[in-house]
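Visitor: So the chains spell out like this:
Protein chains: 2
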Amino acid sequence: MFAHRIKNLAESPVREILKVIDRPGMISFAGGLPAAKCFPTFDYASLSSRHMQYGPSEGDDKLREQVAQSLCKRGLQVESNQVLILSGSQQGIDLVAKLFVEPGVKVAVEVPTYLAALQAFDLFGAEYRGYSIGEPGIIDSGPGDSKISGTRLTYTIPTFQNPTGHCYSSEQRKTLAAACDATGSILFEDDPYRDLVYSDCDRTPVCAYMQEVNWIYQGSFSKSYAPGLRLGYLACSKTLFPQLVRLKQAADLHSCRLSQQLISALLETHDDRNLIGFYQKRRDNFQEVLQDTFTHLADWKRPDGGLFFWLKLKPAFAMDTRLLLDQSIAQGVAFMPGEAFYPAGTTPQSTLRLNFSHSTPELVRSGLEVLAGIIETAAAGRVQQSNSV
Amino acid sequence: MFAHRIKNLAESPVREILKVIDRPGMISFAGGLPAAKCFPTFDYASLSSRHMQYGPSEGDDKLREQVAQSLCKRGLQVESNQVLILSGSQQGIDLVAKLFVEPGVKVAVEVPTYLAALQAFDLFGAEYRGYSIGEPGIIDSGPGDSKISGTRLTYTIPTFQNPTGHCYSSEQRKTLAAACDATGSILFEDDPYRDLVYSDCDRTPVCAYMQEVNWIYQGSFSKSYAPGLRLGYLACSKTLFPQLVRLKQAADLHSCRLSQQLISALLETHDDRNLIGFYQKRRDNFQEVLQDTFTHLADWKRPDGGLFFWLKLKPAFAMDTRLLLDQSIAQGVAFMPGEAFYPAGTTPQSTLRLNFSHSTPELVRSGLEVLAGIIETAAAGRVQQSNSV
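Residue numbers (the working numbering), protein chains in the order written: chain A, -9 to 379; chain B, -9 to 379.
Just so you know, the hints here were simulated from the structure itself, not pulled from any lab data. Idealized CB from N, CA, C, for every residue including glycine. Warning: the hint list may mix true and false statements.
[Claimed, not checked] In the EDC-like style, the derived pairs of lysine to aspartate or glutamate whose C-alpha atoms are separated by at most 20 Å in a straight line are: (1) A/Lys27 x A/Asp192; (2) A/Lys52 x A/Asp192; (3) A/Lys228 x A/Asp274; (4) B/Lys(-3) x B/Glu69; (5) A/Lys9 x B/Asp51; (6) A/Lys228 x B/Asp192; (7) B/Lys164 x B/Glu202; (8) A/Lys(-3) x B/Glu92; (9) B/Lys291 x B/Asp192; (10) B/Lys(-3) x A/Asp171; (11) B/Lys9 x A/Glu366; (12) B/Lys9 x A/Asp171; (13) A/Lys228 x A/Glu366; (14) A/Lys291 x A/Asp192; (15) A/Lys96 x A/Glu69; (16) A/Lys9 x B/Glu55; (17) B/Lys9 x A/Asp51; (18) B/Lys228 x A/Glu1; (19) A/Lys63 x A/Asp192; (20) A/Lys9 x B/Glu69; (21) A/Lys302 x A/Glu258.
[Claimed, not checked] Sample of chain B residues facing chain A (criterion: CB under 7 Å; computed from the structure): (22) Ser249; (23) Leu353; (24) Arg355; (25) Ser356.
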């Protein structure tokens, strides 16, 4: 009865977790939730009846112009007519998947990578070529003979990667762009975390280094502004723009114009230094509490930006972290099992993604203590069980 | 380079027209634009930081409950856990197309029908079985041997249909539901105009008559509230709900929470009698001006609800109305050529869809005079041309 693609439509843990985060008393290390107290003050007085009416699929002109200017400043030379406003950057993944992905198409992805990108690509029948980031390089043996050879699309989150927090070096950025140019794989760069930077890093868009092959770059207003507005944007090679606009129109006509106007007004005045200072303190506190509670349980690297710590359990505590989720939520703590970030069919990874931006320092300590206790108990039970066999 | 589906992604006239309607001085009979002066006053004070945060893919609980109650009142018995909030009802078409449509799948549609539904179905490779509405009946020879036999999905706009304005009778509603039940075709009912009613009509959802086969019913907040908020909803058979939620999540995670809260607050207090009275007057005025300016050019039926007049040019003026659009826009008048509402490959239909809700009476008269003049000139030029041959 359903289209064949629906067999690829797996239940997503994100969905389950988004449902519980609103519950009173829940400590959420799960979603990439910004801290509610950092949401800016929106200028509702700037809204007029104009913003209540239907608008262009491309997005409102002024906002497109503002985005183009911002992209130029970060090193990606685009004109406003290459900018498409999105109903959140998840929509960009849906549109790009529709444009390129069908059964048999190979997509290169970092392993691990953003789980809802996998979900969107899965729906259209993607096959994956996974490449590991950072070690020893993005591509295994040079641009000409890389893991991305034979792929139609390369999906990357180079800056404060989700879930690992890794930020590509300048060298890695250039190498990835060169590999795409050499192999003809279209580069799809997802860059939602770039503004949440706590150390000096090269954050030049990888797309800025592309010479020949087409590319799509996308960003989000969810992280520095507010996710409830559901607003993001993409910019792309001029040849891809007409198709992406048509796909956008067929998907939802255009994005919420209230959200567009509120963000457009804020872009004139918004200063995110307070937000960044606030998140940096939260990251530092999280690191400190992790050292107190998880040093014996897991290894991790303090991220230079973004919203997440990525933990790998030590061999003595290795387990499928998905099996801990129900119990953890029952005890009032939500986290993201690392398995969700790997293409289907991979073995349990003993990894967890923990968001540090959403919870207060007090909640961080009690939440991490609960989580550490659950892992210790699960490991102890396993030892006991194997002893009693 | 593109997925095969992109070859079905035609340029849409809606997109072009949405781009120009904001232009100062443009008289738009094109989109289904509500009158800006009827937009309600939104209660921005009801917004809190809660509505800035990520939320559930299904939509906010309170709004889902309000929608369910409203559907029960109109005769469709659903629970709130069957309600999915959408980023406008265009998104519902995208999700339903993803769920059911792939190359070779037959979709029954009214001919003519909503053009952006055709666009969304086209993308996924639909083949159409068109049925004419109203005359002599929805289905040609009874439920067992109808045009919808062999289709997986039947798409219908039974109430103030887009573009024709037709409202199905009680008998037609029951017949369509029986035909879907008899043939196993899933009923997809699109009902955005139902609240804009100017005469007494049966508006019971066709889905309310379904006995066995699955169904999806969707509605919009764009017409009675404001399209710029981009908010709609669907309700469906319980067995379809989990897949539609997952598709929604992969498409945009969830819909704008500001829009959800603003609509939710309004639903408590909103009285649309003023709006309906206002539109009814605009319809009556439009009818009057049409009689003055188009009686010699076209035939039409005054609609009992909705936003559109549907005109068929008389034989002496028969022409492909798409060819008039550029000139008309250049003269400051946007309209919708009827050809856009027919599946691709059909011959020019000599039809126009004219929206009566958006323009003031003064603009209606000058706009219709311009349009009538363009048609007369085009027909005269043709006569002259054929005389000179």
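Visitor: Each hint should be assessed against the structure and marked as holding or not.
Guide: Taking the hints in turn, this is what the structure says about them:
1. Among the hinted pairs, lysine 27 of chain A with aspartate 192 of chain A is inconsistent with the structure: their alpha-carbon atoms are about 28 Å apart, more than 20 Å.
2. For the proposed pair lysine 52 of chain A and aspartate 192 of chain A, the alpha carbon gap of about 28 Å is over 20 Å, so the pair is violated.
3. Annotation: proposed proximity of lysine 228 of chain A to aspartate 274 of chain A is violated, straight-line Cα distance about 42 Å (limit 20 Å).
4. The hinted pair formed by lysine -3 of chain B and glutamate 69 of chain B fails the criterion: a straight-line CA distance of about 40 Å is larger than 20 Å.
5. A hinted pair counts as satisfied when its Cα atoms are at most 20 Å apart, and lysine 9 of chain A with aspartate 51 of chain B qualifies at roughly 10 Å.
6. Using a Cα cut-off of 20 Å, the hinted pair lysine 228 of chain A and aspartate 192 of chain B is violated, with the two alpha carbons roughly 49 Å apart.
7. The hinted pair formed by lysine 164 of chain B and glutamate 202 of chain B meets the criterion: a straight-line CA distance of about 14 Å does not exceed 20 Å.
8. Pair hint lysine -3 of chain A plus glutamate 92 of chain B holds up; C-alpha atoms about 13 Å apart against a cutoff of 20 Å.
9. Simply put, lysine 291 of chain B and aspartate 192 of chain B have alpha-carbon atoms about 18 Å apart, close enough for the 20 Å limit, and the pair holds.
10. Taking the CA atoms of lysine -3 of chain B and aspartate 171 of chain A, the gap is about 25 Å. The hint is violated against a cut of 20 Å.
11. Straight-line distance between C-alpha atoms of lysine 9 of chain B and glutamate 366 of chain A comes to about 59 Å, which puts the hinted pair past the 20 Å bound.
12. For the suggested pair lysine 9 of chain B and aspartate 171 of chain A, the alpha carbons sit about 34 Å apart, so the restraint of at most 20 Å is broken.
13. Of the supplied pair hints, the one linking lysine 228 of chain A and glutamate 366 of chain A is violated, its CA atoms being roughly 54 Å apart against a limit of 20 Å.
14. The suggested pairing of lysine 291 of chain A with aspartate 192 of chain A holds, with an alpha-carbon distance near 18 Å, which does not exceed 20 Å.
15. Restraint check: the Cα-Cα separation between lysine 96 of chain A and glutamate 69 of chain A comes to about 30 Å, which exceeds 20 Å; the hinted pair is violated.
16. The hinted pair formed by lysine 9 of chain A and glutamate 55 of chain B meets the criterion: a straight-line CA distance of about 16 Å does not exceed 20 Å.
17. A distance of roughly 10 Å separates the Cα atoms of lysine 9 of chain B and aspartate 51 of chain A; the hinted pair therefore holds under the 20 Å criterion.
18. Taking the CA atoms of lysine 228 of chain B and glutamate 1 of chain A, the gap is about 16 Å. The hint holds against a cut of 20 Å.
19. As the CA atoms of lysine 63 of chain A and aspartate 192 of chain A are separated by approximately 14 Å, the hinted pair is consistent with the 20 Å bound.
20. In summary, the hint linking lysine 9 of chain A to glutamate 69 of chain B is supported, as the alpha carbons are separated by about 18 Å, within the 20 Å threshold.
21. With a C-alpha separation of about 41 Å, the suggested pairing of lysine 302 of chain A with glutamate 258 of chain A is violated against the 20 Å cut-off.
22. Given the 7 Å rule on beta carbons, the hint for serine 249 of chain B holds: about 6 Å separates it from the nearest Cβ of chain A.
23. Proximity of leucine 353 of chain B to chain A is violated relative to the hint, the smallest CB-CB distance being about 15 Å (cut-off 7 Å).
24. Because the beta carbon of arginine 355 of chain B sits about 22 Å from the nearest beta carbon in chain A, more than 7 Å, this interface hint is broken.
25. A distance limit of 7 Å between C-beta atoms decides the matter here; for serine 356 of chain B the minimum to chain A is near 21 Å, and the interface restraint is violated.
When held up to the earlier numbered hints, the structure conflicts with 1, 2, 3, 4, 6, 10, 11, 12, 13, 15, 21, 23, 24, 25 and fits the remainder.
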